[in-house]
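Peer 1: Sequence:
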Amino acid sequence: MSQQPITPELLSMVDAIARHGSFARAARELGKVPSAVTYAIRKLEDGLDVLLFDRSGHRAQLTPAGETLLHEGRHVLQSLDELAYRVKRVATGWEVELRIAVSAVLPWQPLYEIIEDFRIAGPGTTLRFSSEVLSGIWDALGSGRADLIIGADAAGSPPGNAFRSQAMGQTQFAFCVAPHHPLAGLNRPLLPADISAYCAVVVADTSRDLPTRTRGLLNQQPLIVMPNMEGKIEAQMRGLGCGYLPLTLAAPYITQGRLVVCPVDGGVSLDENVVYAWQARQPGAGLAWWLERLKSPKLCESLLGLGA
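Just so you know, we're using full-length UniProt numbering here: the sequence shown kicks off at 1 and counts up by one.
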């Protein structure tokens with residue numbers, strides 16, 4: 001039997017070249033000299049008797065055959081990573097990597113002490129955090145991008161029993177503007193017509209597969225879309241727009257007078273009952289450790305801005 005020309009290393013090379021559009025930049029990422037990468041790809045093309053890259057232009061472009069190899073090869077690389085992950089977990093009980101998605105409406109400060117404690121308990125496990133917005137946090141769990149999600153809206157959970165969850169409490173929202181924003185000077189409950197006249201500041205839903213949602217927006221209202229909740233709060237404090245903010249993050253600025261809470265006439269409550277949730281399969285040692293810490297009422301109160 002002839003030797004198979006495709007190897008994981010070569011698949012990683014093809015992936016790097018495709019992302020950078022350059023053999024030289026891919027070589028830098030991979031810690032190799034460009035000639036070694038060029039030689040390896042040419043040898044792979046000879047072994048498969050196909051052309052994987054069109055080198056005639058300024059950028060190295062995948063041919064249709066190269067596109068197929070890259071698409072299927074990424075699945076192979078992911079499968080190999082998952083195999084290594086399972087082998088390591090069987091051997092030690094601890095995950096190689098634990099992925100935790102945190103709702104963008106929660107403060108990070110209460111988590112830092114927990115992270116520090118985990119580094120002592122599970123020093124071999126990499127912690128990978130992400131901040132997710134609206135449906136994005138359930139999407140992260142359902143798609144496998146996260147092993148644990150913290151602060152998800154219980155009402156937004158997708159159908160199915162592929163996960164388990166535990167209640168944390170409730171997050172509260174308020175319609176806020178800067179003290180110098182025109183809406184702050186009306187001194188009465190705001191009507192939809194009042195709000196729609198001004199720009200809304202939002203953070204986009206981070207969902208990739210589940211239907212995206214919005215929170216507290218009016219039709220045809222002009223928008224400023226910020227990359228994170230910190231940017232949204234800062235934009236509203238500068239008077240660039242208005243919108244609902246989680247009191248978990250906005251309360252200090254309201255106390256300082258940098259934000260003003262405006263009552264909304266007939267406004268629908270945006271308060272959410274939130275949970276932490278995890279995959280239904282037997283948790284590894286790292287996930288089990290986090291689940292035990294999240295049982296603490298004090299921790300959940302701190303995350304929801306209810307602590308002393």
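Hint data in this document are derived by calculation from the structure and do not stem from the laboratory. All C-beta atoms, glycine included, are put in the ideal place defined by N, C-alpha and C. Hints may contain errors.
Between beta-carbon pairs, the in silico distance windows are [said to hold, decoys possible]:
1. Q78 x N273: 32 to 38 Å
2. A154 x R281: 17 to 23 Å
3. G185 x P159: 43 to 49 Å
Peer 1: Hints first: check each against the structure and report whether it holds.
Peer 2: Okay, the hints, checked on the actual structure:
no., hint, in the structure
1, Q78 x N273: 32 to 38 Å, "35 Å, holds"
2, A154 x R281: 17 to 23 Å, "21 Å, holds"
3, G185 x P159: 43 to 49 Å, "46 Å, holds"
Hint compliance for this structure: every hint is met.
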